[in-house]
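Chains as they are written, first to last, in my numbering: chain A, 1 to 388; chain B, 1001 to 1191.
No lab work stands behind these hints, which were simulated from the structure alone. All values reported here derive from a predicted model rather than from experimental measurement. Fair warning: there could be bad hints in the mix.
Below, computed lysine to aspartate or glutamate pairings styled on EDC-like, alpha-carbon distance capped at 16 Å [as the list claims (entries may be wrong)]:
hint	chain 1	residue 1	chain 2	residue 2
1	B	Lys1065	B	Glu1006
2	B	Lys1065	A	Asp161
3	B	Lys1004	A	Asp216
4	A	Lys140	A	Asp154
5	B	Lys1065	A	Asp216
6	B	Lys1004	A	Glu178
7	A	Lys140	A	Asp211
8	B	Lys1065	A	Glu164
9	B	Lys1156	B	Glu1132
10	A	Lys231	A	Glu178
11	A	Lys231	B	Glu1006
12	A	Lys231	B	Asp1019
Just a sample of chain A residues kept apart from chain B, beta carbon distances all over 10 Å, derived [what the hints assert, rightly or not]:
hint	residue
13	Ala4
14	Asp15
15	Ser22
16	Gln32
17	Ile54
18	Val69
19	Glu122
20	Arg125
21	Lys140
22	Glu206
23	Arg207
Cβ atoms here follow ideal geometry from the backbone N, Cα and C, with glycine treated the same way.
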Amino acid sequence: MSSAPEANELANRLDRVLPPHSQAVQDHTAGQDLLVDAAVRLARGPHPALADGIVSRIESQVLARAVLVSAPRYPLRRRVTVVARWAVAACLVLVIVAVSTATASASSLPGERLYPVKRLVEQGRLALSGDSGEVDLRLKFVGRRLDEFEALLDQGTIDVDPLEDALDDMHSTLRLVEAGAGSVDDAQRLVELSERHMLLAETARERVQTDPATSDQLLITVSDATEVHEKAQQLASSRGEPHTMTPPIPEVIHSFKQRRSLEKDVEAAPETRYTLTSPDPGGTAVLIPTEAPGLGPLHRDASDPQILVEVSPPPKNNEPRAPVDAPAPGSEPVPGDPAPAPDDDPAPDPEDDPTPKPPPSTDPAPRVPVDDDPPPATPPTPGGNRPW
Amino acid sequence: MLNKDEARLIHQAQRGDRDAIATLYREHVQAIYRYIGYRVPEQPAADDLTAEVFLRMVEGLPRYKQNGAPFEAWLYRIAAARVADYYREQSRHPQEELPDSMPDHTASPEGVLQVAEEVSDLRAALRQLSSEHQDILLLRFVERKSHAEVAALLGKTVTAVKSAQHRALTQLAERLGSDGKIRHYLRGFDE
């Protein structure tokens, strides 16, 4: 039986001769210390090594197995038989008989008593849906999870679960859209939802700087949402829609936040009508007056890929103003602006944008505004602009 | 302690990201194979057991909870369980133990044979130790983990690891003998 001092002494000798995280054998003379000799002999090897061909063969097996295994944390969609689907539907009829409970649960938040009922109803709707219906439902559920997270955040609670559940649905939606079950609009909705996800997570991270574990969890969700965002953008652009020029993270977040604060400026100055353009590749959101005292309306030069904002002289007294090409305030579908979810729920979907939304502009030209205002100097997250 | 990059990789793998799964596999496959290769003499069996570890990793990923312990600790536990199953099966259907198959590292046939014999002796001596002692010696001297890392992987204190290491090396040295040849103390004869 070894004593603690002997064991410590041996451990120290071994650390000198066979230092950790190194293949070196240092200052060792065989025959003087049998225990160290045995350790050195073991350390020197040769060690078993898996041949490259077998490594690849096993990798193929592992990846094939991964396809069969359901990955999401909430595996809401499984391979069920038609009979099982109808069985689920029959059970749901019994559950939905308690309509008041289901209706009351629609506005519940995580942690509340009726929240599990809300999730159960969602699962039932998914089970009854086909692939295209599932895409729409999942996008709606993503919006709900983000609403729940935001509602809890407003109450001072940061619960990462809704963000992670939203990511599960976003990933599922992405797979369905990639498989052809969703449309370009669905991909675009996914782009917008993922941007909202990132904004909410970053906002929450600013409040939990003293809680590294939660901050790290939020960071991971931001990273995942970034991936979804990029893939959804590719899907939206690869199917014929003009590519939305969205700056890379975190510039989108900066622009998004900047847009928020600028929108408040617009509300505060109703006597001057402004249009907030899309962020340019450098991430700057530009506030351009569409009409302002002393200035005429603005229009774009369609022959130049860079949008030139030209200010025409103000009209003379009785002259009508020249037609305005720039859209009315709030009419541009700005990247990052979350599309309002279809309004067929008992609970109203909260709207981020307080301004009324006229029909979207039909202007097909890409919008690249003049680089006017610099992005914010101070990034929102500690450690620099790219927290990851 | 799980670093942020690995935590993110695991998160992605749990969501079915094939690249993340492949990266986790490639990062750990040789270490797990070395562990199993020392514990199990037959190479084909070691290959199969290694594959099983990672198939179980993929199946278990959705339920895996990141609790701060190293991810490889989970893989080693799976590997140890597969090795234990292997020996249970062996005890039910005993087969003659084949000598360790070795790659050719030297030019001369005599050199090859000598290396093969020395390695075979060492591994045979190691396999006579308890599972716990084998784990400690393999993690410390083959994987060159620190004592603290070995303790974290095995769920023990550093003091316990050092004590067990002392006993393990004492037994290993006795089995190897002063001339380096293996002694089968349990069988009661010297080679």
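Structure-based check of each hint:
1. Lys1065/B x Glu1006/B: Distance ~13 Å between lysine 1065/B and glutamate 1006/B Cα, so the pair holds.
2. Lys1065/B x Asp161/A: Given that 16 Å is the threshold and the Cα spacing comes to 14 Å, the pair holds.
3. Lys1004/B x Asp216/A: Judged against 16 Å, a Cα distance of about 8 Å means the pair holds.
4. Lys140/A x Asp154/A: violated, 21 Å
5. Lys1065/B x Asp216/A: Cα-Cα ~15 Å, so holds.
6. Lys1004/B x Glu178/A: violated, 29 Å
7. Lys140/A x Asp211/A: violated, 31 Å
8. Lys1065/B x Glu164/A: holds, 14 Å
9. Lys1156/B x Glu1132/B: Holds. Lysine 1156/B to glutamate 1132/B sits at ~11 Å (cutoff 16 Å).
10. Lys231/A x Glu178/A: Holds - the C-alpha atoms of glutamate 178/A and lysine 231/A are around 9 Å apart, at most 16 Å.
11. Lys231/A x Glu1006/B: The hint is violated at about 22 Å.
12. Lys231/A x Asp1019/B: This hinted pair holds, its Cα atoms lying about 15 Å apart.
13. Ala4: violated, 7 Å
14. Asp15: violated, 8 Å
15. Ser22: violated, 6 Å
16. Gln32: holds, 12 Å
17. Ile54: violated, 6 Å
18. Val69: The claim breaks: valine 69/A does not keep its Cβ more than 10 Å from every Cβ of chain B (closest is about 6 Å).
19. Glu122: Non-interface label on glutamate 122/A holds, nearest chain B Cβ at 19 Å vs cutoff 10 Å.
20. Arg125: The assertion about arginine 125/A holds, with a minimum of 22 Å to chain B.
21. Lys140: holds, 20 Å
22. Glu206: holds, 18 Å
23. Arg207: holds, 20 Å
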